[in-house]
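Asker: Let the sequences and hints guide you as you build the complete structure.
Number of protein chains: 2
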Amino acid sequence: MKIQYSLLKKEENTNARLGKIKTNYGEFDTPMFMPVGTLATVKTLSPEELKNVNAGIILSNTYHLWLRPGEDIVNKAGGLHKFMNWDGPILTDSGGYQVFSLANKENITEEGVPFKNHLNGDSLFLTPEKSIEIQNKLDSDIAMSFDECIGYPAEYDYVKNSVDRTLRWAKRGKDVFNNENQSLFGIVQGGVYEDLRRHCAEELVKMDFDGYSIGGTSVGETKETMYKMVEMSTKYLPENKVRYLMGVGDPIDIIENVIRGIDIFDCVSPTRLARHGHAYTKYGKINIKNAKFKDDFSPIENNCDCYACKNYTKAYIRHLITCNETLGSRLLSIHNIRYLIRLTEDLRKAIKNDNIIEYKEEFKRNYYGKEN
Amino acid sequence: MKIQYSLLKKEENTNARLGKIKTNYGEFDTPMFMPVGTLATVKTLSPEELKNVNAGIILSNTYHLWLRPGEDIVNKAGGLHKFMNWDGPILTDSGGYQVFSLANKENITEEGVPFKNHLNGDSLFLTPEKSIEIQNKLDSDIAMSFDECIGYPAEYDYVKNSVDRTLRWAKRGKDVFNNENQSLFGIVQGGVYEDLRRHCAEELVKMDFDGYSIGGTSVGETKETMYKMVEMSTKYLPENKVRYLMGVGDPIDIIENVIRGIDIFDCVSPTRLARHGHAYTKYGKINIKNAKFKDDFSPIENNCDCYACKNYTKAYIRHLITCNETLGSRLLSIHNIRYLIRLTEDLRKAIKNDNIIEYKEEFKRNYYGKEN
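Respectively, the protein sequence lines represent chains A and B. Positions 530 to 901 (the numbering used here) are the ones given, in order, by the first sequence. Positions 530 to 901 (the numbering used here) are the ones given, in order, by the second sequence.
Hints may contain errors.
Heads up, the list lumps identical chains together, so a pair's fine if it works in one copy or across two of them.
[Stated by the list, open to error] Computed list of lysine to aspartate or glutamate pairs in EDC-like fashion (alpha-carbon distance at most 16 Å, straight line): (1) K823 to D601; (2) K889 to D782; (3) K839 to D616; (4) K605 to D824.
By construction, these hints were calculated from the structure, which means they are not laboratory data.
Answerer: Here you go:
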């Protein structure tokens, strides 16, 4: 079965939407934040810990799994869910984002992208067909089309050509797609140019994907530019399909983009920040290594319902992080992921109550410690 | 309250003994293997995971906690149990073992040991009184006397002088000991010399410690020498007190020393082996990185009751270890610790059934893959 998206409610004053997604591995509500499990593991965490933070879906990485352990091993294991012992929904990206960061843009051809294996420098070549073939074998619930993720700034002509190629690649991927239990999303690119975003969205919609992603918004622009790119993309997407904003996970960005009609998000930041000793709190990010936490025997956040906050003090987590003990980054990862998922839960409530603007304003006042 | 050791049964054919230890943080059966939580965390694991492998008691490290976070922080947190969120029994070593590995033997004085901080090279000085003062503040259930851990080989005269100093240090530590909810163990040293082991044991017994450790048996000797040193120590220890063999955790050594009357063991090996991708099995240690496990979708051990074996395949754990994902060493740590604790559970059964020699022989046949 393909995923089924149901739009349950639209917020009165904004484009925010409440929805539900049914998959072969259970259903979840949107807006939702997806933790990233690059190598078929959300760094330091067990599947039970992901369940306990209410993760509705996780993301895994086609490029990384292609190299290690290889899609055939995962397929032989019975697919990614069985391989990693996660019985909830999984979305796989296309590998496009990783490949482009390893490729020389000038070598990109109509056929695909030559690039260097980041582990051993070997020459590799990824095509839209290969990306889909790998994802079909990984057997995730949602696969992504292979697209070019354009950097910033980028000239209009470059973006125009790139968008057209991304559309041809989306078509090629769709044509070879072969997994009836998997859904396929198209990715809206087009840089900062509204006519290109519109063109890309409209052409993808004509191809009738199971859902749509918005790409290329988190690559170095200002927040305002990002929000504009999202607006000029969601505008041209159908209401009855899910919308996924790729690689965005800053709390403020999640709020602002939910307001602009986004349903799902992913980002490595909660686990990456955790490894560096950072924790999200209502009043902004804190660095647990700060000396003032040395004998602070209160939790990271007093009212947080996560395992870390219910059982451990800042002083202990600080000690673990200072000593490079992995339980430290594990506890902070649990907290940070729970924080973002709780944020999406709060946003769902705000949508129900039609007060998302008030919610945002209060959130920002607390997070930035002043009126914004 | 001090710990209370009850000798429940002696095996008919050997010196193996079944016992129970009551502490302020619950009771546990002996023989028992203690996982090592050097820095107030058993590497990669949560307290719940330690409960799930049936860990009856864990060990933590005075030297390491003295440096980070410092015993005063731990004390302010309410003691080590509260600091690390472990509500079971804890034993702390004296720091002697670590300090001697960082010290120049020639600088040891009657007063104590000068050595270099392994983190920043600072000059530090540890005395028997200081070690006890730190442990009193850590508030573990069982504290160790500060002793000199003698290397191997060591001349008779050196060992004789060292044993006498260790006895004077044990007395000094006992004299300043000040925590009525903590027990204090004496440590039998004496190298390979029976008269010195006997002298040390008898003098410690006169001082009436709450239990006795046997030290200096795991520092590079053959297994046979180790077993002999244990024999020449247990022989002179009272039956109504618990006996702890320090730093020994090889499965065969646990069996052989239970047979010689040892009650508790500790060793870093299950977690250290895990980090290097090694797992204990009935048929000996395996290296999960071995290519043959690439598509082996069976658990580490078919009949193991641990979380790792019930939920994950060798192929997946191999993938995690190969990619340096910490869930890999976490799963192997769970398995390896459970393996050693299950071994002590099996040994308790064998003591009940008076068939520990048969148990040992079958174990060795499987573990070494041939008659031994």
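Asker: Determine for every hint whether it applies to the structure shown.
Answerer: Here is what the structure says about each hint:
1. K823 to D601: Result: close only across copies, 11 Å inter versus 48 Å intra.
2. K889 to D782: Within one copy, since 11 Å is at most 16 Å while 62 Å is not.
3. K839 to D616: Cα proximity of K839 and D616: across copies only (15 Å, versus 26 Å in one copy).
4. K605 to D824: between (50 Å within a copy, 8 Å between copies)
Checked against the numbered hints listed earlier, the structure breaks none of them; every hint is satisfied.
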